[in-house]
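Listed below are the residues making up each chain.
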Amino acid sequence: GQNIDQPTEMTATEGAIVQINCTYQTSGFNGLFWYQQHAGEAPTFLSYNVLDGLEEKGRFSSFLSRSKGYSYLLLKELQMKDSASYLCAVRVYGNNRLAFGKGNQVVVIP
Amino acid sequence: AAGVIQSPRHLIKEKRETATLKCYPIPRHDTVYWYQQGPGQDPQFLISFYEKMQSDKGSIPDRFSAQQFSDYHSELNMSSLELGDSALYFCASSVRTGAEAFFGQGTRLTVV
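If you read the protein sequences in the order shown, they are chains A and B.
Per the numbering used here, the first sequence runs over residues 4 to 113.
Per the numbering used here, the second sequence runs over residues 3 to 114.
Source of the hints: derived by calculation from the structure; they are not laboratory data.
Note that the structure is a prediction, hence the values are computed from the model and not measured.
Keep in mind that a hint or two might mislead.
Below, a sample of chain B positions facing chain A; criterion: calculated Cβ distance under 8 Å [said to hold, decoys possible]: (1) T33; (2) Y35; (3) D44; (4) P45; (5) F47; (6) S50; (7) S57; (8) D58; (9) G60; (10) P63; (11) D64; (12) F92; (13) F104; (14) F105; (15) G106; (16) G108.
Within a straight-line C-alpha distance of at most 27 Å, the following computed DSS-like cross-link-like pairs (lysine-lysine) qualify [claimed, not checked]: (17) B/K59 to A/K105; (18) B/K24 to A/K105; (19) B/K17 to B/K54; (20) A/K71 to A/K84; (21) A/K79 to A/K105; (22) B/K59 to B/K17.
Quick reminder that beta carbons are idealized off the backbone N, C-alpha and C, glycines included.
Modelling step: build the complete structure from the supplied sequences, incorporating the hints.
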């Protein structure tokens, strides 16, 4: 199985930068995904890492270190609409299921 | 762009009743996943289908069953409902070799 650990809640100011961390333990690692989820809504895909390094997509960047079992999601120029839960999920070889961590709640304040 | 469609969006059932949730994947997506998300919890994988065959099974109770039909839509059947089954049920779809799974808006099931 997969053990995925994420901290739970953080507050940040509009325009700031916030980093959300995710650590995982799994065998047969085949990719790490970041999703954004607003309360009561569907998770929305943000980014995907399968190789070590940084992936940048606009205001969002995601980093992966497979040797450390570690990833982070960087949110830049925070906007009020970024207030949401951010979930990391790991995929393993042999199936396509995503194993989610418990999510990190980000609250953006003016 | 077409998205994953789930119906119904909301469902209220009594204990011991049955419920059927439907999922229509994005066109040309051949893999469907079902997830259950309790209040304040992470999505828990239930079951997935690839080309109409069950491809993976997670923490799905024996009271639940699911299938994928010839038109690729999927249904999750839930019997002998319990209060603890109250949750958001998400369906997601992907291309088998694709990178990301796209989620539907979910069905909120409330068991009273």
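Index of numbered hints that the structure contradicts, given in increasing order: Hint check: 10, 11, 19, 20 fail, others pass.
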